[in-house]
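Participant: Chain by chain, the residues:
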Amino acid sequence: MNVLVYLVPMALALGLSALFAFLWSMRSGQYEDMDGAAWRVLSDDDLEDS
Amino acid sequence: MSEALDLSIYVRRKGNTAHMDLAVEGVSCAGCIRKIENGLRQVPGVSDARLNFTNRRLAVDWRDGALEASEIIRALERIGYRAHPFEAQRIESDETRHARWLMKCLAVAGFAAMNIMLLSVSVWSGNGADMTQETRDFFHWLSALIAIPTAAYASRPFFHRALGAIRARQLNMDVPISLGVLLALGMSIVETANHAEHAYFDSAIMLLFFLLCGRYLDHAMRQKTRAAAGNLAALKAEVAHRFDCNGTELVTVPVAALKVGDRLLVRPGERVPADGIVLSGTSEVDESLVTGETAHKPVAAGAVIYCGSMSCSGTLTMRVTAVGAGTLIDEAERLLEKAVAGRSRYLRLADRAARLYAPMVHATALLTAVGWLAAGASVHDAIVTAIAVLIITCPCALALAIPAVQVVASGALFRSGVILNAGDAVERLAEADTIIFDKTGTLTLPEPRVGNASEIDPDLLEKAARLALSSHHPLAAALAREAHDRVPYDQVAEQPGQGVRAIVEGKEARLGSPAFCGVTGSLATDDPSRSVIAFIHGDCCALLSVRQKLRPDAETVVAKLKEQGLKLMILSGDRPASVAPIAAKLGLSKWSAGLNPLQKIEIIDSLKAQGRRILMVGDGLNDAPALAAAHASLSPIGAVHLTQAQADGIFLGERLEPVLAGCTIARRAGRLMKQNLLFAVLYNAMAVPIAMTGHVTPLIAALAMSSSSLLVTLNALRARNRGATLGRSPDWSAAFVEQNPGAGVSHLRDPRRRRAAPMRATRATVLP
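If you read the sequences in order, they're chains A and B.
If you want the working numbering, it's the 1-based position in the first sequence plus 52.
If you want the working numbering, it's the 1-based position in the second sequence plus 92.
Hints are computed from structural coordinates only; laboratory data are not their basis.
One or more hints might be untrue.
Unchecked claim - DEER-style ranges, computed between Cβ atoms:
| no. | chain 1 | residue 1 | chain 2 | residue 2 | range |
| --- | --- | --- | --- | --- | --- |
| 1 | B | Ser100 | A | Ser95 | 27 to 35 Å |
| 2 | A | Met62 | B | Glu184 | 42 to 50 Å |
| 3 | A | Met62 | B | Val773 | 38 to 46 Å |
| 4 | A | Ser77 | B | Leu806 | 25 to 33 Å |
| 5 | B | Ala545 | A | Ser77 | 51 to 59 Å |
| 6 | B | Val773 | A | Ser95 | 46 to 54 Å |
Said to hold, decoys possible - With the C-beta cut set under 8 Å, the calculated list includes, among others, these residues of chain A facing chain B:
| no. | residue |
| --- | --- |
| 7 | Gly67 |
| 8 | Leu71 |
| 9 | Gly88 |
| 10 | Trp91 |
| 11 | Arg92 |
Being a predicted model, the structure only gives us computed values, none of them experimental.
All C-beta atoms in this analysis are idealised placements derived from N, C-alpha and C, irrespective of residue type, glycine included.
Bound-form chain B, shown alone (with noise of 0.2 Å):
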C-alpha cells in the first residue's frame, strides 16, 4: 500500500519560498557537505542547501509548490544519507539568542580590559618613574570613558539575575558581583576627580570580561548538549498512519501534527502514537514502556490504549484522546506535578555558597569602615578602604569556581554518552548515594532478545532469522535480530496471530506458535517471562524462547557501582517472577515488583525520609513520577518522551555503562567544585587582611583576583574523564543507527523498532 507522507508542520513559509530543517545522519567529511550541497541544488526547485557540520544539521530552501517536502528527503536518500524533519525546539532557539549576547558582552568586555589594562600598566609604571599628575589623570579620564559604557553595556547579565534575586528577597552570587563593579566604578571616578595616585577601572572590567567567560563557556556547553538531544529526537521520527477526512485514504503524519480526534491505524509491531480510545479490531498490546509489565493484555473496541504501547497481534483502529502534553495517564500526572514541586526546592552548591559569603563580604567592608572611623581615619580615608575590602572580595574565583568544573564535566558526561537536560544535575548526580534501577528497558534491553540462540545450530537460526525478517510481529523482531543476511526470502505468507511461511531451498519453511509449526516439546529452562515460538524447515526444527535480555554489561556496571559504596536496588512494576531472577544475576538483594507508580514514589520518599540521596535511572511512563521526585535521574536513550523530559540526563547506547561513567565524573567534578570553593576561601582569607587594613593597590588586585580566576579553572580541568569508566567511549553514530534500527533493510516494513514507525518505512513503501 502506498501512503502519502504530509510534512508540512516542518516547512516554515516566507514570500516565495519554503524552508525546512533537518538532523542527517551519517555526516563525517568534507566531501558528505559536498554531496549533500550539491546533490540538493540539482533537484529542480531547490534555491539553497546549506549543510551545519558542526551540529549535523541541514537547512533547505526552495520554491514554494515546486516540490513536496517529502521529495526533499527522498533526494537525500538516493544521494545516500538519511535525514529527519527538524523543529528547532523553542527554547533552544532562545538559547541561541542568549548565547550570541553574552558573546557580544564578552566581546565588548574583553575590548575594554585590554584598553584599560594598557592604560593601567602604564600608571603603575609610571607611579615608581616620572609621570606627571596630568599624564595620570588623562588616562584615568581616558579609563573611566572606556570602563563606563563597557559596565553598563556588558554588565547587563549579571545586573538583570541580581536584581531578580533582590526583588524575590534573596541573594545570589550575582549581587556581590554587581555591587562591587558598581561600587569600584564610582569611587575611581571620584578619586580620578581629586587627582588621587588609584582608580580601580581595570579591575572593575577585567572582573567583568573574567566572568563572562565563565558564563559564556557554561552557556555553550548546555547548548551543544541540548543540540545533541535536539537532533537524536529528531531522528526518532516518530510517525502515525492518520485517515484523511473521509475516513478512506491513509496519509502518514509525524506524531508532532496529530490532533485530538484524529482516527489513526495502527498496524501490529507499531507502537501507539497517542493516548487513544480503540474503534474497531482486537489486538494485545504490550504496555512494558507505560507500566512496565511485560505481559500482553488484550484489547478489543471500547479499550483505552497509551502512548507508547506497542500493538502486537492485530491491527487496530483507534481515535485519539491526548495528543503532546496530555498524553499521560491521569494519575501519573498528578503524581508528576506533586514531586515536581518537591525537586524545585533544591538549592544550589553556588547560591548556598553565596548565601553564606554575600552578607559575610558585606559586614566585612562594614566592619572596616567602622574600625578605620573609630582608629582616627578620615571619613574618605574609611570608605574608600572599605570599597577596597568589597572590590577584593568581589567573588571573581567563587563565581567560576563551580561553572567551570560543571562545563568541563558536561563535556566529558558528553564524551562518555550522557546527554545533561538540567544545569544542576552534575551536582545532584554527584550526591547520590542511593541507585534505584526500573527492570524493563533499563536494567533489559528496550526490545527483548533470543535467550537460547547458542544452544541452536547457526545455520538453522540464519534461516528462522531470515524469515522472520518478513514478520510484523514483536517476537519475530526480536529473533530478526539475530540475521546475519538481512535479505527476506521471496513469496513470504503470513498467517495472522500465527506466523509466517516460505519455501526455502525447495522445503517448506514456518516460523509462529508451535501449534503452527506443528513441533512439540518444551524448553528445558522454566523461565515464566520468555515466549515460545517454533521454527521448522523440512525435518529440522527449533524452539526458540525469546525473553528480555540484560544489558550486556549490566552485571560489570552494578559490581563497579557497588565497589564505589552505593546502594543500589531495582523498583519495578513487572512481576514478582520476572524481577527475581535478574536481581539474583546481578546480585542485588534489594528488590520490589508488581509496584504502580504512587508505590515506587512512596519508596523514594521513605528513603528520602532516611536522609538518602537517590538517583533513579528509568524509562517507562511508569517511571516518570519517581524520577522527578528523585534527588537526580537518568534515562536511557530509548524511554519515552514524558519520561525523558523529567530526567535529569539521558544515556544512549545498548550498555549500561554511561551510568557508572556518570556517577563517576559526578563525584569527581562534586569533590572539584568543593575544593574549588576552598581555594576561592583561602584566597579571601589571604586578601581580605591586606585590603582591611589599606594596603591594597590596584596592581595588587589585578594580580589577586586574575591569579585566584586562573586557579580554579586550571583545577577545574582536572574533572575531565581519564580512564574513570570501563574505557570505552560511546559511538555516536552508533547511537543513530540503534534510534533507527531498520537501517539495512530497505523495502520492506520492518517492525524492530521502538514506538511508532519511523518514517523509513513509510518513504520506502512510497518508493519505486
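Next comes chain A alone, as it looks inside the complex (with noise of 0.2 Å):
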C-alpha cells in the first residue's frame, strides 16, 4: 500500500491543475461569448493569404 503515498497526491495535484485551469479560462473571459465562439471558428480571418 505504499504506492498510495505517493499516487493519492498525485491524482490530487492532477486534480488542481484542472482547476486550476478552468479558474484561469473564467478569469480570461473564454466563457463570455460561449455562441460566438462557436461562429467565430468558420471564420477564416486568421488564415495567411496563399
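Assemble the dimeric complex from its two separately framed chains, guided by the hints.
Facilitator: Given below as C-alpha cells:
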C-alpha cells in the first residue's frame, strides 16, 4: 500500500491543476461569449493569404 | 435641419482610449461578426471592436479625440447594421459579478466532490474487503484536507444568506443547509480522530455541489433575461432635441442625459421625453400612454405635460421639471409607494416550505438523540445518530425543487416572448385566478390603425399611404403603415394642422382633414373613438377611419383564457364609449371605464379582499400603481419605463398570445413545484426512519441524496413548453423592428414611433 503515498497526492495535484486551468480560463473571459466562439471557428480571417 | 448628436454620456474614458458599448440589431451569423469587427477596425482611430454574439453587444475602443461616438454608429450603418448605445445597468454588472463568484464556488465544489468521492468509494469497497485501519484513516484525513477548505470557500453563498436570515430572526432554506454541512463536517472530523468506520465528508461536499448547480442555473437564467431586457431598452433609443446654452442651436441627446431646467423642442408626432412646462407653442397632446384617455388634450404656454404623451399637431418648446425617477405624476407616485410596500409581504413558496421544514427537522434530530439516550445508548452514539438524521434530511431536494422548475419555466417563457423581472414571478403568475386588462395599448395595439382599409380601393389606399409617409401627424402615421412601397412622393407640401399635398401622376393629391381635401359625406359606422381623415386624388376620394385596433389575436387569447377558468375584466382610464365596443367584441361582461389610478387600485383591493389573486396586464403610466398592487403583473414592450419597472414581466410583439403562454407555463410550473415539494417530503418520510434507527451509512446517504436531487431536477424539465400555446414562437428580430418601425425609411423623419424620436431619425438627418 506504500504506492498510495505518492499516487494519491499525484491524483490530487492533477485535479488541482485542472481546477486552476478552469479558473484561469474563466478569469480570461473565455466563457463570456459561448455562441460567438462556436461561430468564430468558421471564420478564416486569421489564415495567411496564400 | 442638421442636428449634432451628442452621445457623450455613453462614452467611458480610460487614459487615452474611449470605450462605448452598443446593442446591435440584425446579427445572425458568423459573417456578421467578421463584417462588423473588420469594418469598424478599418475606421481610422478605432483601436478595437469586439462583438459578443451571445448577447448581441459590441464593445468599441478608440483613440480619444480621434472621432465622435456618433461616427461609430454611422460607420456601422454603412456596413448595414443598426446599433444603439448601451449603458450597462448597475444591477446587471452586479449580477455578472455574482454569477462569476457562484461559478468559482461551483468549480471548487466540483473538484472537491470528485476527489473526495474517489477516496470514499475506495473506503466503501475496502470496508468489505481487507482495508487496514491505517489506510482508512489516511483516506479520511485526506478527505478532510480537501473538504474543510472547500466548505470554507464554496459554502459562503449559503452561509451569507443563512446568517442574514438568522439576524432577521427568520428561517430560510439556507439555515438547515448550512447546519447540515457544518455538522456533517464536524462529526466526520471527530469520528476520523476516533478511527471510526464512517465519515460523511463526501455527503457534505456533494450536497454543496448539487445546491450550487441549482443556484448557478437559476442565476444564469435571470442574467440571460436581464441582458435581453437591457438590449430592448437600448433599442428604444429615446432621444430629445435640446437647445444648447445659447438657446439657439439644437443638439440631439439621449433622454438619459436630460437635466432639470433643460429647454427642449418637441415636434409634432414626437413623444414628450420628460415631464415639463410648455414655454411656447400650442398643440394637442395624446396622453393615452399616461392616462389611458384617447381623446386629445389642447395645450398652450404654461401647461404641464407629462413624459410619454405625444404632441400631435404643433411644435412645442418646453422646460424640463423632472427627469428619470422623478418623472411621474405626484399622485401616481404616492399610490405606487403604498402598493409596492403591500406587495413585499409576499412570501415565496420555498421560504414558506423552509419555515415549516426547518423546525420539524431539528425537532426530529433532537427527538432521536433523546430517544437513544432514553433507550440506554451512549452519549456519543446518540449524538452521532442525531447528526445522521440532520445530514440525511439536509434539504438538497427541497432546495432544488423550486429553483429547478423556475429555471426551466423562465426559459420556456423567454422563448414564448415573456421576459420576467422578478425571481418569484413564476410562482405568483401561477397563482393568479383573475386577469385584469387595461384597454389602450394592452388589449388594443399601441398605435392606431386604419379601420376601414378593406373597404377602400387598394390602389387608392396605397397612394394615400405613400403620401402619408411624408406627414408628421400621428393619424398619418397610422395610414402610412398600410404602404407597401415605402418610398415617399417628391415635393410634398405640409400645411400644419391641416394636411399634406403633392402632385401624383400629374394630378393633385391631398391628405388631411375632410375640409382640407374638400370631401363631404360621413362614414357608415358611427364609432365615437375613431378619427376621420380624407384623401383626394383627382376625382377619386376616400374617407379613412383611424382608430385603436384590437391586437390581432385578442379574441382567441381571451377565449382560451376563459377556457382555463380564469376570470377576466377590463379596467380602463378611457371613456366608457370607447371601452364598451371592445368589451362586447371580446365577450367580457365585466368592465369599468373612466377610472383614475386610485380607483383602479380600489377595485383591485376589493377583489383581493374577496380572496382573488389578480394578474394585472397594463401599459400606461396610470396603470403603474395598479400593476404594483396586483398579485402579479405583465406589461407589453411598448409600455412606459416606469410601468415596465413595476411589472413582474414584459411581453413582446403585436400579439396578446404571450399572456396566454405566460399563464399556461406558469400554471404548469406551479403544479410541478408542488409535485417536487411532495417528492422531497416523500423522500424524507422514507429516509428519516432509517436515519433515526441508526442504519444510515455514508453510502446510503450519498445514494439517497443524489437520487432525490436527480428526481426533482428531471421532473422540473417537464416545465418546458410543449404545444401549450397557439403554437407560435415569437420572432425576436421582429420585436426589435417593432420597436423602431422606421427601418424601411431612411431619408425622412418618420413619426411612426413610440415616444421620443429614436436616434435613427436624427442620424438620417445628419447623413449627407
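Participant: All hints, please: hold or fail.
Facilitator: Hints and how they fare:
{"no.": "1", "hint": "Ser100/B with Ser95/A: 27 to 35 Å", "in the structure": "holds, 33 Å"}
{"no.": "2", "hint": "Met62/A with Glu184/B: 42 to 50 Å", "in the structure": "holds, 43 Å"}
{"no.": "3", "hint": "Met62/A with Val773/B: 38 to 46 Å", "in the structure": "holds, 44 Å"}
{"no.": "4", "hint": "Ser77/A with Leu806/B: 25 to 33 Å", "in the structure": "holds, 30 Å"}
{"no.": "5", "hint": "Ala545/B with Ser77/A: 51 to 59 Å", "in the structure": "holds, 57 Å"}
{"no.": "6", "hint": "Val773/B with Ser95/A: 46 to 54 Å", "in the structure": "holds, 53 Å"}
{"no.": "7", "hint": "Gly67", "in the structure": "holds, 5 Å"}
{"no.": "8", "hint": "Leu71", "in the structure": "holds, 4 Å"}
{"no.": "9", "hint": "Gly88", "in the structure": "holds, 3 Å"}
{"no.": "10", "hint": "Trp91", "in the structure": "holds, 4 Å"}
{"no.": "11", "hint": "Arg92", "in the structure": "holds, 6 Å"}
The structure meets every hint from the earlier list without exception.
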